[in-house]
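Visitor: Sequence:
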Amino acid sequence: MYKVQVLLSTYNGEKYIREQLDSILAQKDVEVSVLIRDDGSTDSTIDIINDYCSKNSDIKLIKGSNMGACKSYFELFKKADMGYDYYALSDQDDYWYEDKLTVACHKLTSTDNKENKPLLYCCEADITDENLNSSGKDTTAEEAKTSFPVKKPGFGNALIENIARGGSVVFNPTLLGLVRIDAPADCYMHDWWLYLLATCFGKVIHDNKAYYKYRQHKDNVLGASTSKLGIIKRRLSQSKTNKEHVSKQAIAFGKLYEIPEKKKIQLDVIAGYKNSFKQRVRGLSGKYLYRQSKSDNIIFRILFLTNHL
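In this note's numbering, the protein residues as written are 5 to 313.
Read the hints as simulated data drawn from the structure, not as lab findings. Every residue gets a Cβ at the ideal spot worked out from N, C-alpha and C, and that includes glycine. There could be a bad hint or two in this list.
[Claimed, not checked] Think about it this way: if two alpha-carbon atoms lie no more than 27 Å apart in a straight line, the pair counts; the simulated DSSO-like pairs of lysine-lysine are:
{"id": "1", "residue 1": "Lys267", "residue 2": "Lys111"}
{"id": "2", "residue 1": "Lys118", "residue 2": "Lys75"}
{"id": "3", "residue 1": "Lys213", "residue 2": "Lys121"}
{"id": "4", "residue 1": "Lys118", "residue 2": "Lys156"}
{"id": "5", "residue 1": "Lys267", "residue 2": "Lys83"}
{"id": "6", "residue 1": "Lys82", "residue 2": "Lys111"}
{"id": "7", "residue 1": "Lys118", "residue 2": "Lys7"}
{"id": "8", "residue 1": "Lys252", "residue 2": "Lys75"}
{"id": "9", "residue 1": "Lys7", "residue 2": "Lys267"}
{"id": "10", "residue 1": "Lys83", "residue 2": "Lys207"}
{"id": "11", "residue 1": "Lys156", "residue 2": "Lys111"}
[Said to hold, decoys possible] Quick list of simulated restraints, FRET-style, between CB atoms:
{"id": "12", "residue 1": "Asn117", "residue 2": "Ile66", "range": "47 to 55 Å"}
{"id": "13", "residue 1": "Asn60", "residue 2": "Asn117", "range": "30 to 38 Å"}
{"id": "14", "residue 1": "Ser289", "residue 2": "Lys111", "range": "45 to 53 Å"}
{"id": "15", "residue 1": "Gly87", "residue 2": "Asn311", "range": "17 to 25 Å"}
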């Protein structure tokens with residue numbers, strides 16, 4: 005039976021944390037422990053978690069000061085217990101299907117990895133409202149698991165887009181070893197950093213089936229758009245508030261790790277495009293960097309040309 009440690013950062017999550025923890029503890033055919041770092045909650049989140057801890061020795065709580073989700077998860081990476089088969093990220097407000105972890109573990113284990121490289125698994129999510137009702141047309145859980153497009157992971161994608169949404173991520177100890185560091189100042193989000201590492205030095209297994217419910221509500225740190233128009237508006241809105249976060253993150257990544265030569269060419273495109281005509285041409289060509297959808301690639305070129313990456 006696989007042993008999995010779930011890493012969960014909480015902040016004022018009293019409304020949904022019980023449902024999330026219950027769904028984690030209900031995972032089938034895996035031994036699960038949960039390491040929680042509370043990021044300075046001021047509601048009853050800590051009391052709720054303490055109640056769970058008193059009843060289950062496999063749940064541990066670290067109380068911390070508020071530093072934001074990204075830095076909080078990097079603290080969890082450093083404090084994660086070595087010796088588990090795999091590690092999983094969890095948000096505080098989702099709901100996992102009972103086979104979520106065992107499916108991920110099977111896929112990671114069946115991946116050829118004789119050189120013990122970093123491996124990361126991620127899956128799609130069933131987008132719901134705050135009451136866990138599916139958005140769009142009504143579907144059963146099984147129908148929801150087969151309705152997503154296949155994505156193509158790669159370093160050229162990871163440099164400008166993250167498809168490894170935190171609540172879907174499961175990864176091996178080798179990848180954990182690479183991320184047990186202080187949060188880089190220009191890291192945009194912890195899950196995106198994991199996606200960068202796995203595509204740069206190892207492999208990503210993307211599952212186009214949904215194995216959890218991703219709850220949409222007004223307090224989401226990052227939400228998900230379900231329409232093409234909504235996605236376009238969200239991307240352009242993000243460009244105004246997060247100007248240059250993509251290029252800054254790439255530069256920070258290149259400084260911390262020794263990048264393989266072929267992939268360094270890709271990194272240099274996004275890291276140096278502002279000051280190099282050659283890199284701008286490369287970026288617009290689509291050969292070195294790409295997003296998953298045609299509309300997103302158009303948006304990327306707009307942001308690229310207007311220096312908003």
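Visitor: When the structure is checked against the list of hints, which entries are broken? Sort them ascending.
Guide: Violated: hints 2, 5, 9, 12, 14 and 15.
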